[in-house]
Structures are given as structure tokens and as C-alpha cells.
Amino acid sequence: MCAGSSVEPSSLSVSDLHMWVGASGKHIVRGVSFDIPSGSAFGLVGESGSGKSMTIRTLMGLQPRGSRIKGRATFEDADLLNQHSWKARRRKAPVAMVFQDPTSSLNPLLTVGDAIAQVCRSHGDSKQRAARTRSLALLTRVGIRDPEESYRAYPHQFSGGMRQRVLIAMALAVRPRLLLADEPTTALDVVVQAGILRLLDGIRREESMSLVLVSHDFAIVAGMCERVGVMYAGELLEDGPVREVLFRPRHPYTQALLRSVPENNRSGRLPSIRGAPPDLSELSAAGCSFAPRCDHAVARCHTSPIALVRVRPGHAARCVFATDDSTERVRAST
Amino acid sequence: MNANATVQPVLAAVNLTKTFQEPRWLKKPLAKRPALEDVSFELHRGDILGIAGESGSGKSTLARCLTGLERPDRGRVLLDGVEVFALDGERLRRQRRRIQIVFQDPFASLNPRLSVRSAIEEVLQVHHLVDKQGLSARTRELLEVVGLREADADRYPADFSGGQRQRICLARALAASPDVLIADEAVSSLDVSIQAQVVNLLLDLKEELGLAIVFISHDLHLVQQVAPRILVMFAGRVVECLPSGSGLDQARHPYSELLLAALPRLDEGSSLMFPDVGDLGGGFPDEGCPFRPRCVRAADLCAILDPELREIDSEHLVACHRPRKSREMGEQSLIDQGGASSVSHKSSSSER
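Respectively, the protein sequence lines represent chains Z and S.
For what it's worth, our numbering labels the leading residue of the first sequence as 26, then goes sequentially.
For what it's worth, our numbering labels the leading residue of the second sequence as 25, then goes sequentially.
Pulled out of the complex, with its shape left as it was, chain Z reads as follows (with noise of 0.2 Å):
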């Protein structure tokens, strides 16, 4: 599926990405890079807290105030990082952000036409019909019966599914290149979630938008991603092609994670993780940050960092035993 995509250039490459938040400085974003090619979706998963949600909000723009940046993160040649230039940002990349919680992120007071036409109004329509004309566009293009109604109501007489529905409509408005999705569905009760993802997976195609997705749930990531990204306290532990890193894991991170998911036709109990993600401010810096819970650690993990290791093409994994198939073994003896 990502065959190839070495050489073609990427459209979104961050590369050694930190960050640091408050005054205590806690270090939530450690050194993240990834590249993902023009018009092809990269997943990041991870539990909370493991910094996925932080990483795209900082590709945003939307880091918390006081927080510090090291790194680079570029979209089509356009500098994602750099904060003074929203103008040019807007015009050279245009990326877009759909968050969790639709009901937060609606003003109660606009009707949701009026939300998507001042967008639209902010980026080129800057006549009133035209924004307009092209709200009730959107709000077609995203799946919504009976628009020209639909405009004219308010954000709590819609489902949640709608009002995420609407927050696609928003960040389409932007007319993005690049779209980053925040746990788009995971508000969304399972029915709606799947009307969700595949208007999201269907638009994506259609308009060859780059996307990254972050979510808690491998299956969505399987079902919408070429490639995927595992997560754990601030660092990228595994990634890779997403069938690789989802059925042939070489992190004992993303091994452990995928047993604890329930799956069709089992019953009793779920093998799960023991202990708890660690608190980042508590994180020693030598070592890797799963050492502490996990069941193949060994001296040298917990004292010397640990590098990306690459496994196959496109598929790496920071473990010392990513490319030793003992780990492998382990797994289908548990």
C-alpha cells in the first residue's frame, strides 16, 4: 500500500518534533518525526496522555500558550511551526482540524450555516451569497439532509453525529490540503461512528487531502490509514505500513496493546498491560519510557537510550529486540 513512498517526496514531514509545557517544563512531545506523502493518511495511536493529541495540535498551531517547540514540521514547503506568519500559512498550506468533542467546539449562538459561512468568508468567498452558497455546499458534501433547514438551525438541535458532521463542513471550508483529525468519533456511539469514518475515508479520496488521524482504536486506523504510528509517553515506539505494525508488531508496546482489545468471538478475560502509563514529568530521560511494564525488559533498557530500529522497509520500532524474532516467539506462546 506505501510501496514506494520512500521515494516519492513527502507533503507532511515533522521531523524531530519536541515539547515542553508549563512552567515546570514537562516534556509531553519527545522527539517525534514522521514523514507521510502527498494525499495518504498516517494514524497516530496511543493511550491518553501518550502525547498524540498534543503532537497534530502543535502541527496546528494550537500548542498550549507557554509551551516551547523544538523541531521542524513542514507541509508542502510551508513551516508548520512557525508562528508569525498566519497569512502565509493560510495561503501556502492549508490545513484544517477536526476535534473530539462536537459539542464543544460549535458556538451555541450561530446557527451551524453561519459557523461554516465565516469560514468560508475568512478563506476566499468574501461575499456574503457566496459563502453561503457554498455552505449549503458543504453541508451537502458532508451528508446532511435538507440544508437549506439545516442552516438555519442551531448546534443542540443536531446529534452528535451531525455536529460532527458539521465540523467536517467547517474544516472543508478551508478548502485544506492537509486535514488533522483529533479522535474525530470517539464522542460518537459505534453506528454513527461508521457514517463518520467513511464520509471522512470518502472525502480524503475524493479530494487527495492528506490526513492524520489520532485515535485510541487500532481497528479505525486499520480501516482508514495506509500508515500507522504507535505512541507511548511523548515518543513514537513503532511505525510503519499499518498492516506490518498491526499484525506483525515487533513492539512489545504495540503487542501488549493489541491483546487487550476485545475481538469477535472471545470470552473471559483480557490480557492486559500491568501498571499504568508513566507520569511525564517523573520519566527518567535514559531508557525507554515502556521499560517498567514491560515483560521483555532487560538491564540495558532502563540505562541507555534506546534508537528507532528499522525492521523492514518503512517499518521500525524502538526496541532493542525489534529485529530479534525471540520477541515474536514470546507473543505466540502467550
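Keep in mind the hints are simulated off the structure, nothing from the lab.
Heads up, some of the hints might be wrong.
To be verified - Per the computed footprint, the stretches of chain Z lying under chain S, defined by three or more beta-carbons under 8 Å from a beta-carbon of chain S, are:
# : region
1 : 217-227
2 : 239-251
3 : 273-285
Unchecked claim - Computed far set for chain Z versus chain S, every beta-carbon distance over 12 Å:
#  : residue
4  : 49
5  : 58
6  : 70
7  : 99
8  : 107
9  : 132
10 : 135
11 : 139
12 : 143
13 : 149
14 : 165
15 : 179
16 : 232
17 : 333
18 : 339
Computed from a prediction, not measured in an experiment: that's the story for all the values here.
Even glycine gets a Cβ: it sits at the ideal position worked out from N, Cα and C.
Let chain Z serve as the given structure and place chain S on it in line with the hints.
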């Protein structure tokens, strides 16, 4: 379950029905359908009943009726054969202690100004379960049961992560020494690795304390993992009751199929697509089967006659005029419709 047939169930719901009154100032009536309609089941000690359905299917209304947070319009809740809503005063309070609930959001269900110790001791004191001397010992014991340390007792909810808070909620529910625990989406807000820990904890409690559990979730795979018997709810009623042992592929109601198809799944080889889940707006029709507008197998009969729950196999009940025939018969499945590539139901959980 058959072996238990003569034993009195610890919890039984009989024809529970609840309609929410719409405020008089509301010009447009909200819904004519009740939020909960004729829901009945029995639950034995040490057994788990799974309840699945989408938002608005009445899962939480059921949980609230069972715990007495909501009074059903019709129907009865029996605890060891005693009807809960016929009681009042002290006797009601004693019965209520026996059925406890853990909610979805561990951030909203703990008082941020009460330490873990006070939160748990409050329950013990309200129900006069232990005397003053025994309080701290019992608190320590409860924390141990849910896998927290004694040192945690004097910390506040803000010091804990979501998974740990859910353990505190669980400890608080267990403090009442209940016979029945309702887990209303209790693990839905947790990360998978933590979710697995809490699910295992529930299974242990069932084993060790003989607790009966009603496990409510929208995730059918998770429900199957936990519960030997599943009720699938839609529009406030039970549309299917199936044993989970033989696999979810045995689900026959089109809505159960839809729920299953909508679940993103990890199967190598199947190129995953999200199925077209049909029209979601518009509410339910006033007559006939409530699922009809979204059903691909809907026939004329479905528009007229509301299907009743009937047994189609041992322990397997379906409320549908046209339930899917067994998978072997190769009838076109619901998810083949709408252009979505069919995700094979047969492929097992791949190589994991």
C-alpha cells in the same frame, strides 16, 4: 442457566416500561415511544448479563430503573423475589443497598472534595455496615480488592487517572456489599490496556464474591468477552437475546447485525470498510417495527405489526418478522448492502 432454572434469580426485571413525560411548554412532542418498553430478564448469582445497543436505545434508562434512580411506569424489579418498588422507608433503603451501580464517567461520579477514604467510609456508615472501629480496616480491604494501595486512601480523586478513579467508584459500589452490580458503560471511557484491567477485575469479583453483574456497553465485542448472555436493545426494547458462547455470528436480528458490522475490526486480509449504516435521522415510526426505516429486510408486515420477542433457538430470542437465517444458508447479509465490502464474519481473530 438451565441448571439455575429452579433457583430464584437474584435480580429479575418484569415488563419494565418507562416513558419520559415531555414538558408541557414543548410544542412538538418529542417521542411517542417509551424510553423503555417491556424489558424482562433474570439474573442469577455469579452470572453476567451483557446489554448492548446504541445511544438512546434505553440501556441507561434500564440501569436507572434497576437501581431505583428512576421509577418505571409499569413493571417490576425483583430482588430475590422481593419487589423493590413496593417497599418504602427503611425497607426500601435496605433493598437498595443490595444493588449498586458504576457509571461511565469516573471524573463526574466522585466528589472532588472527599478523599478516597471519606468517599468509601460514607457508604459504610450510611448503610451501618461496620462499626467505627472497623471502618479503616474495611476501607483498606476494599481498596485491596480493587487493586489500590492503602496509601491511596488519603488522596483525592484529582490525584488519580481515569482507570484508578473507576477503581475507586468500584470500591465505593462494593462497600455496600451488593448482590448485584450494574456497570453502565463503566469501562467505555478507559484506554484499552486499562479497560482490560477493569474488565478482569469485574470477572474476578464475580468469581470471588458471587456478584451478579449487568454489564452495559455499546461495544458488542467487549460485551461478548464478558457476558455469557447478551441482550441487544433498540428503541427501548430488547430486540434480541442471545447466548454469546456460540459467537456473535449467530445474531439474527438485523439491528444486531448492523451493530456488529459497524464495529471497526482488526482482521488481516479483509480490507476494512465502514458499512453504510443507513438513515439515522427521523426517529421511529409510530406503528410497526421501530427498526423498519433502517432495515434492509423490511417487508409490508413490518410496517403494520410490531414484532414480539420469540424464541427461535434454545436460549435465543429475536423480535423480528424476518430474522436472518443461519449464516450457513448463505443469505445475503446486511453489510453486503450499501456497497461496503463484506467483512468476513467467519475469519477468526486472526493471529493474535
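Taking the hints in turn, this is what the structure says about them:
no., hint, result
1, 217-227, "holds (count 7)"
2, 239-251, "holds (count 7)"
3, 273-285, "holds (count 5)"
4, 49, "holds, 17 Å"
5, 58, "holds, 24 Å"
6, 70, "violated, 10 Å"
7, 99, "holds, 31 Å"
8, 107, "holds, 34 Å"
9, 132, "holds, 23 Å"
10, 135, "holds, 21 Å"
11, 139, "holds, 21 Å"
12, 143, "holds, 25 Å"
13, 149, "holds, 31 Å"
14, 165, "holds, 15 Å"
15, 179, "holds, 15 Å"
16, 232, "holds, 18 Å"
17, 333, "holds, 22 Å"
18, 339, "holds, 18 Å"
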